[in-house]
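Make the full structure from the sequences, and use the hints.
Just so you know, the protein sequences line up as chains A and B, in that order. Once you know that position 67 of the first sequence is 67 in the UniProt record's numbering, the rest is easy, because the numbers rise by one and skip nothing. Once you know that position 273 of the second sequence is 273 in the UniProt record's numbering, the rest is easy, because the numbers rise by one and skip nothing.
Derived by calculation from the structure, the hints in this document are not laboratory data. There may be inaccurate statements among the hints.
For chains that are exact copies, the list does not tell them apart, and a pair is met inside one copy or across any two.
[As the list claims (entries may be wrong)] In silico DSBU-like pairs for lysine-lysine, Cα to Cα no more than 35 Å straight-line:
(1) Lys284 <-> Lys261
(2) Lys39 <-> Lys271
(3) Lys39 <-> Lys27
(4) Lys282 <-> Lys254
(5) Lys254 <-> Lys271
(6) Lys284 <-> Lys254
(7) Lys144 <-> Lys261
(8) Lys59 <-> Lys39
(9) Lys85 <-> Lys160
(10) Lys85 <-> Lys39
(11) Lys271 <-> Lys258
(12) Lys17 <-> Lys282
(13) Lys144 <-> Lys17
(14) Lys39 <-> Lys261
(15) Lys258 <-> Lys144
(16) Lys261 <-> Lys104
(17) Lys39 <-> Lys284
(18) Lys17 <-> Lys271
Number of protein chains: 2
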Amino acid sequence: MNMAVIGIGLIGGSMVKDLRKTNYIGKVFGVDLNPVHSKEALRSGLVDEIVALDVALAKADLIIISIPVDSAKHVVLDILENIDKTQIVTDVGSTKGGICEVVKNHKMRGRFVAGHPIAGTENSGPEAAIEGLFQNKTGIICNKNESDSDALIVVENVYKLLGMNLNYMDADEHDKHIAYVSHLSHISSFALALTVLNIEESEKNIFDMAGSGFSSTVRLAKSSPDMWKPIFQHNSAYLERALDEYIDQLHDFKTFLKHNKQEDIHMLMTKANDIRRILDGKVKEENKNTIEHEKAT
Amino acid sequence: MNMAVIGIGLIGGSMVKDLRKTNYIGKVFGVDLNPVHSKEALRSGLVDEIVALDVALAKADLIIISIPVDSAKHVVLDILENIDKTQIVTDVGSTKGGICEVVKNHKMRGRFVAGHPIAGTENSGPEAAIEGLFQNKTGIICNKNESDSDALIVVENVYKLLGMNLNYMDADEHDKHIAYVSHLSHISSFALALTVLNIEESEKNIFDMAGSGFSSTVRLAKSSPDMWKPIFQHNSAYLERALDEYIDQLHDFKTFLKHNKQEDIHMLMTKANDIRRILDGKVKEENKNTIEHEKAT
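Structure representation (C-alpha cells):
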C-alpha cells in the first residue's frame, strides 16, 4: 500500500524508516511546507517523492498526518473532503480531543483513526527521524468505535509493525492522562531550563556542573516550541490542574526546607521513590483490572 | 598506594572499579556500617577486605569518604584525628561548605582535599557501582589552597585517572552553583513523581503513557532519600532561592496558559531551548573568561 506523510519530521519520518523495512508499504509520498525539510526527506530517501497535498491524496492508500496539532485539525478536514471510501487517514498528535471533535460529524469520519504513538525525542525535523523509535512503546487509539473497522485494522497493523503495544482510550480521557504523565513533564523541563538560565550567571558553570542528572531532567526543554505551543493550548485545562498540583508539591518541599523539617522531606522523597516500581512495570493488580476493563469496553 | 573507601556505594564503588584498572592503587579496604553492602562489596571484589575504621586508617595511604554529607562531617574529624602527615583524605560530597567549615581550623586540615566528582545515577549501594561513571565529567576541588600540595596532587591524579576534567572553586560558590544546576533538578524530579502519583489514579496509565520524556524527567526521583536529605539540608538557603525562581517560572506558564497567551508561551520555550547550546558546550566567550579567571585565582 502506498503511503502519504503530511509533515516529514521526527514522528512521520521515524515511522517511514521502520515501515520501509517491512513489505507492508510501497511508495511513500511526502507533503511538507518546509522546503528544507522536503529536500532533506528526499535526499535521505525517507520519501520517494515530494508532492502537493492533492497529488498525495490521489495516490496514497494510507495518509499519516504528522504536523502540529493545530494545523492537523484543519488539514484533516481537507483530507476527508478529498478521499474515497478505500483510503485511510490517521494522525499522531499528542492531544486527541480537538481533532476528534472537528471530524465527529463528518460523513467520512469512519476513514479516520485518531492515534497517538507515545514516543519521541527532543529533536525535530526529518534529520531527527530514527529507527526503532516506537519499539515497545505504547500506541493509543482513541474513540475507535467511530472508525471503520477496516481502517482501524490497518492502523493497528502499522502500530504492531512498529513494535508498539496497543491501547484504546476515549479522546478526552487520553488528554487528561497525557497532561499528567507527559505534558506536565515538558513544562517542568522548560521551566527548569529557564530557571537555570536566569539564575546562573555563568554558562560555563552550567556546562561543567550539569551532571547526567540535570541533563536528563532538562532534556525536554530542547523540544520544538512550534510543536508544543498548540499541544499546551489544546490541553490547557488539564495541564493547569497538573501545574497546580506540581506547584503545591514544590511549595511543600520549600516549606519543609525553610523550617528544617528533615523527616518530612525524607518522607516526600520516599513516596516519590515509588515511581521506580511503576516505571518498572510492577503496577498494582487493581489498577491493571481497571484498565483491562476499559480496554474491553 | 593502598586505599580505604568509607562507604562503598555508587560513588566510592565506581571509583574503585576504574582505579583497579590502573597501577595507581594497591589494596582496597572497605569500611561500611551496612552489613549487606559490606558483604556485596567483598563478594564482587570491589574491596579486598572489610575492616573497622581504625584498621583502615592504619593501613591506607588514601582515604575516600563517600557517605552522606551529614555523616561525612563527623567522620572527617575522626579521620583527621587519627592519621599522620603522609596520609591523604578526600570526600565526594555534593555540598562542600559544611565539611570545609568543620575542618577549617584542624591542625591536619592540609591532609584533606574537598572534592566533588559530578557524576552519578539514580541508583545506590555497591551493586550500583559501574565502570566509566566519571569519564569526561567535571571533578571539582574546593578551597584548594587549604590543602597540602602533595595531597592535592594525589587527588588531582585520581580524578585524572578517572577521566575527569578538573575545576577549582570556593566551597560556598560551589554550593550556590550546584544548588541551581543539580540540586534543584532533583527536587523538580521528586515533585514531578509525587504529582503524577497523586493526580493519576491508574498506575497502569502511568506505565503505559510514560514515554521516554517522562522517564528521563522523573529519573532522579528514584534517588536515595538518605543521601539527598542532608544535601538539601546543607544547601537549603541556595536551594530555596532556586525553588522560588523555579516556582515563578511555572506560574508564568500557568498564567499564560490560563489567559491563552500563546505567543508568550512560545517565547518562554524558545528561551528555554537555549539550554541545548550550553549543554553542547557552546558557551559564550565572556563567560569562559570569567571562569578562567576564577580558576587562576
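Each hint tested on the structure:
no.	hint	result
1	Lys284 <-> Lys261	within (31 Å within a copy, 40 Å between copies)
2	Lys39 <-> Lys271	between (50 Å within a copy, 28 Å between copies)
3	Lys39 <-> Lys27	within (17 Å within a copy, 61 Å between copies)
4	Lys282 <-> Lys254	both (31 Å within a copy, 33 Å between copies)
5	Lys254 <-> Lys271	both (17 Å within a copy, 26 Å between copies)
6	Lys284 <-> Lys254	both (31 Å within a copy, 32 Å between copies)
7	Lys144 <-> Lys261	between (50 Å within a copy, 33 Å between copies)
8	Lys59 <-> Lys39	within (20 Å within a copy, 67 Å between copies)
9	Lys85 <-> Lys160	within (23 Å within a copy, 67 Å between copies)
10	Lys85 <-> Lys39	within (32 Å within a copy, 68 Å between copies)
11	Lys271 <-> Lys258	both (20 Å within a copy, 30 Å between copies)
12	Lys17 <-> Lys282	both (32 Å within a copy, 31 Å between copies)
13	Lys144 <-> Lys17	within (26 Å within a copy, 53 Å between copies)
14	Lys39 <-> Lys261	between (58 Å within a copy, 34 Å between copies)
15	Lys258 <-> Lys144	between (50 Å within a copy, 31 Å between copies)
16	Lys261 <-> Lys104	between (53 Å within a copy, 28 Å between copies)
17	Lys39 <-> Lys284	between (49 Å within a copy, 32 Å between copies)
18	Lys17 <-> Lys271	between (41 Å within a copy, 32 Å between copies)
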